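There are 2 protein chains.
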Amino acid sequence: MSDLPKSIEIHEEGPREGFQIEPGPISTADKIRLIEALAETGLHHIQACSFVNPRIVPGWADAEAVVAGFKPKQDVEYTALFFNANGLDRALAFRDKLAINGSISLTASEAFTQKNLHRSHAENLDAMRRHSALHIAKGIPVTRLGVMAAFGCNYQGDITPAQVISTLEDGLRIAAETGAKIDLFSLADTMGWANPMRIERTLGEVRARWPDMAISLHLHDTRGLAVANAHAGLRMGVTRYDSTVGGLGGCPFAGQKGAAGNICTEELVLLCEEMGIATGVDLDRLIEVGRMAEEIVGHVLPSELIHAGSLDAFRRKAA
Amino acid sequence: MSDLPKSIEIHEEGPREGFQIEPGPISTADKIRLIEALAETGLHHIQACSFVNPRIVPGWADAEAVVAGFKPKQDVEYTALFFNANGLDRALAFRDKLAINGSISLTASEAFTQKNLHRSHAENLDAMRRHSALHIAKGIPVTRLGVMAAFGCNYQGDITPAQVISTLEDGLRIAAETGAKIDLFSLADTMGWANPMRIERTLGEVRARWPDMAISLHLHDTRGLAVANAHAGLRMGVTRYDSTVGGLGGCPFAGQKGAAGNICTEELVLLCEEMGIATGVDLDRLIEVGRMAEEIVGHVLPSELIHAGSLDAFRRKAA
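Residue numbers (numbering that gives the first Met the number 0), protein chains in the order written: chain A, 0 to 318; chain B, 0 to 318.
A few of these clues could be false.
Identical chains blur together in the list; that is why a pair holds if it fits in one copy or across any two.
[To be verified] Keeping only pairs whose Cα atoms sit at most 25 Å apart, straight-line, the calculated DMTMM-like set for lysine to aspartate or glutamate is:
#1 K5 x E199
#2 K316 x D157
#3 K72 x E109
#4 K70 x E176
#5 K5 x D311
#6 K316 x E21
#7 K72 x D88
#8 K316 x E109
Everything labelled a hint here was simulated from the structure, so no lab data went into it. The structure displayed is predicted, hence computed values, not measured ones.
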């Protein structure tokens, strides 16, 4: 068990993922309330909003008002999601509050790229080349290379480690051409195809090819295996995970109504803390925020833990 | 990864666990329909009902009618749960249909024994001694030694491997005194306190003490970690798991309203089959039965997989 990391870094994406998919309407004040409450739990990275087309994602039509409205907490890094020049400009208007970094985001599945972005893989490479160059031209570092559908795809089926490596090579080529310095690979199980063995194999092959690159996992719980997959990641020494409080969110483009979203932050925290891996998060506070998220969205969220309560709460009662 | 087993044996407890806790009323015909559908999925062990006091568990007041009514399938073993002489006699009336075996069932937590059974551990040992002797006197083998709350307890807190071993020693003493031949230890995470490391440590210590004893895991998903705990069990070579279709059930005595029940059978099957561990179960059929279970109980069940669909279904579409 000595290969488990001593600590991990959690990137909380609940506000961004959740409010993008919830039918709502959810008030700007509630969005701000959730972001501010998350910052009080010990989380250090919060993706606060999405600067996207409000006609396509009406839940984030008030992104500017949310970012303008929340009171930032020291030592917390707030980020935003954006996909194009317009989104980048909207984010840059909040440079004082948001940490703005560029990503090269590719997909290991050609079929998914077509369905989700209406582009071929080659067209997507061109778009990402322009996207990366645009960031660099504006003085924004591009440091992250993301691969969606890295473990399988509802439209294409299984994705092999070789396909992931080839996609990462495509991304690194774009980085080299545009002057981006990638220091993180983010592998996303966008549609819930991973299992612990596949995590081990894909990470193993990626590590063998790029031994010094940091890796982050974005694990969807579409088929209930996210927490087992996170455990496999921990065993492989992965120290960075995306997650969402309460399991907010879902997969808007997986072709499945009602599919679960990201791994729940509080279940990831419980998994780690119970095995002696520090997260910096106060789990009881986070559970309270999960319950607040349920109240805000107005329905039950996937997290079992916000309903059951933490072990520490029972330990205190039993003592 | 060579320590993963080649196959596992699943004990489906959905009917017994589910109908015991669902507010219902659920018709006898629906209970029979679920049991018969489960037998068509490739499952070989189905716990069909509970012979308990109908005033305490009204959902199983029709246990006799259910057992009399279902059409048994060859190669499927049907079992029932019972706790006392009356329950045993009720089960024995169906010796032609039910596989009847006795259990010595103890709890690693004194506080839980008190809360759940209103007995001290010593009183519970006496009761189990009488229970085992009664079975032996009636010619019923007693082969299973179960330990509830083997990883922690909402009333007592953490449970150490040493407490589990001491409880198993108590049970083996009863077995020796009453002439029972124990061939299986069943360790239950009754209130969702386990984590993968604790599974490894407790199983490791139990194995070190009794290297040749078969072990079965009964994992509740109270805090969302059941599938990671099952994976830890698989890595330790455990080949027998209890589970419930759709995640039917819940924990009626954990002091938590709305607490999740057993690990979902279909998520356990997915976890295993995707890693090359045979379960004998047709996952697509099982998912259909999970959806039938949802329809019968009239509300959404915890299983993510019955909502998302199997990977094989998407593989076939993608091919």
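Consistency of the hints with the structure:
no.	hint	verdict
1	K5 x E199	both (19 Å within a copy, 18 Å between copies)
2	K316 x D157	between (47 Å within a copy, 12 Å between copies)
3	K72 x E109	neither (40 Å within a copy, 45 Å between copies)
4	K70 x E176	neither (39 Å within a copy, 68 Å between copies)
5	K5 x D311	within (20 Å within a copy, 37 Å between copies)
6	K316 x E21	neither (36 Å within a copy, 28 Å between copies)
7	K72 x D88	within (24 Å within a copy, 66 Å between copies)
8	K316 x E109	between (53 Å within a copy, 15 Å between copies)
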